[in-house]
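Visitor: Each residue of the sequence shown is one higher than the one before, starting from 3 at the first, in my numbering.
Some hints here could point you the wrong way.
Pair by pair, the computed Cβ-Cβ distance ranges are [stated by the list, open to error]:
{"id": "1", "residue 1": "Glu81", "residue 2": "Ala42", "range": "19 to 27 Å"}
{"id": "2", "residue 1": "Gly135", "residue 2": "Thr61", "range": "20 to 28 Å"}
{"id": "3", "residue 1": "Lys172", "residue 2": "Pro204", "range": "47 to 55 Å"}
{"id": "4", "residue 1": "Glu131", "residue 2": "Phe32", "range": "35 to 43 Å"}
{"id": "5", "residue 1": "Lys136", "residue 2": "Phe32", "range": "41 to 49 Å"}
{"id": "6", "residue 1": "Ile38", "residue 2": "Ala129", "range": "50 to 58 Å"}
{"id": "7", "residue 1": "Thr45", "residue 2": "Ala132", "range": "25 to 33 Å"}
{"id": "8", "residue 1": "Ala57", "residue 2": "Lys128", "range": "48 to 56 Å"}
Since the hints were derived computationally from the structure, they do not count as laboratory data. Backbone N, C-alpha and C fix where the C-beta goes; we use that ideal spot for every residue, glycine too.
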Amino acid sequence: MIDIPPGDHPQGAFLLMEVDMADCLQYMPFYTRDWIASTASFTPAQRGGYITLLAVAWTEGGVPNSYEACSRIAGGITEEDWAVIRKRLVVLDPGTSDERLSHPRLEKERLAASGRYESKCRAVAKAREARRGKSVDSSVSNSVVNIDDNIDNSIDNNIVVNIENNAQPKPKPKPKPNSLKRNYESPNGDSRRCSSTTRPPPVYHITWSASSGFEGITDEDRERWKAAFPSVDTEGLLPRIHDYLLSHPSKQKKRNWPRFLYDWFSRRQEGAAYSGKSSRRNCL
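Between the sequences and the hints, there should be enough to build the whole structure, so can you do that?
Guide: Have a look at this one:
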């Protein structure tokens, strides 16, 4: 057993070190194949007494080197059975007060288990010392941090107050140039700027008003309409269109009157062509 004094250890972590080594070896390795092979010639009484003595030797570190004591431990075995079992056991610490009997394989496994137990105890003790040192360092560092925080806060407050007193208003940012405006240079070297303003609406030579009707129609327009719409009486259709516009005020808000007239003439041309085809078909 490792002699480590109990301290302020967490519950269950260091209780293992306060228990005797024999109490910690509560189970032992049991190799079933080896056990069956080595006790194949044993009687049931010999096998039962043998396993009982091995279990006691694992827990207590050995059994007494005496037939009477081992017979009581095994529950009463004969001298003949004891002679067979005794051949498997060896004497530990012969000629001393600690003389005892055990099995070589059992002692090897017991020594390995003891080493694992001692390693665990040392690791737990090392972790406890590390936690204890960490708690001391944290308490010291917290006190230092509190002092530094007080000093830093006072200094920061003074700096902030001085900066706010001496602060000047920030200048307004300059407006960004319009991305639609670009500079161009003329062949003469003059710098011209392309404005992003909208273009003026186009001006059409044909106009219309409720009082005057259509104005600005040229002879060139009449010749072009006559060639494009041979089946339409464009001159006779203009008064009808004028009357239509007077009856529909919502249609008067137009600018492209040439296109408006073109649409009217085009629909009439298509209607005349369709009616002509139908009449020829009716004649047939």
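Visitor: If a hint holds in the structure, say so; if it doesn't, say that too.
Guide: Hints and how they fare:
In this structure, Glu81 and Ala42 meet the distance hint of 19 to 27 Å, their C-beta atoms being roughly 22 Å apart. Against the hinted window of 20 to 28 Å, the Cβ-Cβ separation of Gly135 and Thr61 comes to about 38 Å, which falls outside the hint. Take Lys172 and Pro204: their Cβ atoms lie about 48 Å apart, and the range 47 to 55 Å holds. Between Glu131 and Phe32 the beta carbon distance is about 37 Å. The supplied range of 35 to 43 Å therefore holds.
For Lys136 paired with Phe32, a C-beta distance near 42 Å keeps the hint of 41 to 49 Å intact. Taken as a hint, the range 50 to 58 Å is violated for the pair Ile38 and Ala129, whose Cβ atoms sit roughly 43 Å apart. Against the hinted window of 25 to 33 Å, the Cβ-Cβ separation of Thr45 and Ala132 comes to about 56 Å, which falls outside the hint. Restraint check, Ala57 to Lys128: a C-beta distance of roughly 34 Å breaks the suggested window 48 to 56 Å.
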